[in-house]
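S.K.: Residue numbers (this note's numbering): 2 to 112.
Read the hints as simulated data drawn from the structure, not as lab findings.
We put the CB at the ideal spot given by N, CA and C, even for glycine.
Each hint should be verified, as a subset may be incorrect.
Stated by the list, open to error - Label-pair restraints from in silico Cβ distances: (1) L71 with S7: 15 to 23 Å; (2) L17 with V100: 14 to 22 Å; (3) V32 with M92: 29 to 37 Å; (4) F109 with M10: 13 to 21 Å; (5) G84 with T15: 34 to 42 Å; (6) E41 with R79: 43 to 51 Å; (7) R87 with K44: 48 to 56 Å; (8) E41 with S7: 18 to 26 Å; (9) L75 with H51: 34 to 42 Å.
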Amino acid sequence: MMVSPSDHMANERTFLAWIRTGVALIGFGFVIAKFSIFLEVLKGVKSGGHSLEFGEVMIALGGLVIGYGLAVYLLTERDLRDGTYRPRYFMNSVFAVVVLVIALSLAFLVI
Numbered sequence: 002m003m004v005s006p007s008d009h010m011a012n013e014r015t016f017l018a019w020i021r022t023g024v025a026l027i028g029f030g031f032v033i034a035k036f037s038i039f040l041e042v043l044k045g046v047k048s049g050g051h052s053l054e055f056g057e058v059m060i061a062l063g064g065l066v067i068g069y070g071l072a073v074y075l076l077t078e079r080d081l082r083d084g085t086y087r088p089r090y091f092m093n094s095v096f097a098v099v100v101l102v103i104a105l106s107l108a109f110l111v112i
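Kindly produce the complete structure, drawing on both the sequences and the hints.
M.R.: Quick look at the structure:
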């Protein structure tokens, strides 16, 4: 199987999309966490909400997304180089389930 440079560039674009998504989640996490601190300063009392914890989870999730993107990028590059590329159905499915569990957990904490 002949691998063209466009295959490697497509893999790199996908990796950069993972990075962009992770950075967005981290940024959003900081906004949520700082908003909680801002409300505490504004009200002068410690708020009973979970905004700080939600922000921390979003920051951690952003890091997880970046780490996953790096792992997939490196594995795909190796597979393209060796001519053994296969879609990662199981790995992607497990990652999607982990993200869904985290999202549902956060959603149930809000209720």
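S.K.: Now look at each hint and say whether the structure bears it out.
M.R.: Right, here's what the structure says about each hint:
no.: 1; hint: L71 with S7: 15 to 23 Å; verdict: holds, 21 Å
no.: 2; hint: L17 with V100: 14 to 22 Å; verdict: holds, 19 Å
no.: 3; hint: V32 with M92: 29 to 37 Å; verdict: holds, 30 Å
no.: 4; hint: F109 with M10: 13 to 21 Å; verdict: violated, 41 Å
no.: 5; hint: G84 with T15: 34 to 42 Å; verdict: violated, 19 Å
no.: 6; hint: E41 with R79: 43 to 51 Å; verdict: holds, 48 Å
no.: 7; hint: R87 with K44: 48 to 56 Å; verdict: holds, 55 Å
no.: 8; hint: E41 with S7: 18 to 26 Å; verdict: violated, 51 Å
no.: 9; hint: L75 with H51: 34 to 42 Å; verdict: holds, 35 Å
Checked against the numbered hints above, the structure breaks hints 4, 5 and 8 and satisfies the rest.
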